[in-house]
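A.B. asks: Heads up: the sequence shown runs through residues -22 to -1, 1 to 144, numbered per mature numbering (1 follows the signal peptide of the UniProt record, and there is no 0).
Quick caveat, the hints were computed from the structure, so don't treat them as lab data.
You may find that some hints are simply not true.
In silico DMTMM-like cross-links for lysine to aspartate or glutamate, where the CA-CA straight-line distance does not exceed 20 angstroms [said to hold, decoys possible]:
#, residue 1, residue 2
1, K91, D74
2, K31, E13
3, K91, D25
4, K31, E42
5, K31, D16
6, K91, E42
7, K91, D16
8, K91, E124
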Amino acid sequence: MTSIASACLLAALLAIPAGARAEERPARLLLFDVELLDSSGEGEHPDHAGRLKRVTDLMRTELESSGRYSVMPAGQSGAADAPPPSVAACSGCELDLGRRAGAAVVATGVIRKVSSLILSIDITLRNVEDGSVVARGVADIRGDNERSWRRGVDWLLRHRILAPSR
């Protein structure tokens, strides 16, 4: 009877797909703060720094809750004394910092402001090993305000960055 039970257990285990047997670990992701590149000439808005922090927090929360990533904020990673002032202008330094932090993926975000009405958001996730793009999303938004920034980042995360593969 023991050999029959063992054979049934073995058959049941073999019927489970390999991916379902071993729980996949989320990839370590180094998240850089979202940056603002302002070419509008309108001057700095008093809430831009706060908004940038809040959309970065939104990215961290959504990437982490997807179950795909274990997110480390770049400022807390210990990979450098301080992240560069502009990852968008550092010519790939985010990959080096990602390697030093032990991350598999780095995430950057840039909001480009042309005017108070015309802005765009670019979110990119890159493989630290070879620099290839894991996911990327770009969207135009209208309005330099909290609501449009949050909706733009949220939309990109849901429909481009974390969208299921087709």
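A.B. asks: Compare the structure with each hint and give your call.
C.D. replies: Hints, one by one, checked against the model:
Of the supplied pair hints, the one linking K91 and D74 is violated, its CA atoms being roughly 28 angstroms apart against a limit of 20 angstroms. The suggested pairing of K31 with E13 holds, with an alpha-carbon distance near 9 angstroms, which does not exceed 20 angstroms. This hinted pair checks out: K91 and D25 have alpha carbons roughly 14 angstroms apart, not beyond 20 angstroms. Taking the CA atoms of K31 and E42, the gap is about 16 angstroms. The hint holds against a cut of 20 angstroms.
The straight-line distance between the Cα atoms of K31 and D16 is roughly 16 angstroms, inside the 20 angstroms bound, and the hint therefore holds. This hinted pair does not check out: K91 and E42 have alpha carbons roughly 27 angstroms apart, beyond 20 angstroms. Annotation: proposed proximity of K91 to D16 holds, straight-line Cα distance about 5 angstroms (limit 20 angstroms). For the proposed pair K91 and E124, the alpha carbon gap of about 14 angstroms is at most 20 angstroms, so the pair holds.
Violated hints for the displayed structure, listed by number in ascending order: 1, 6.
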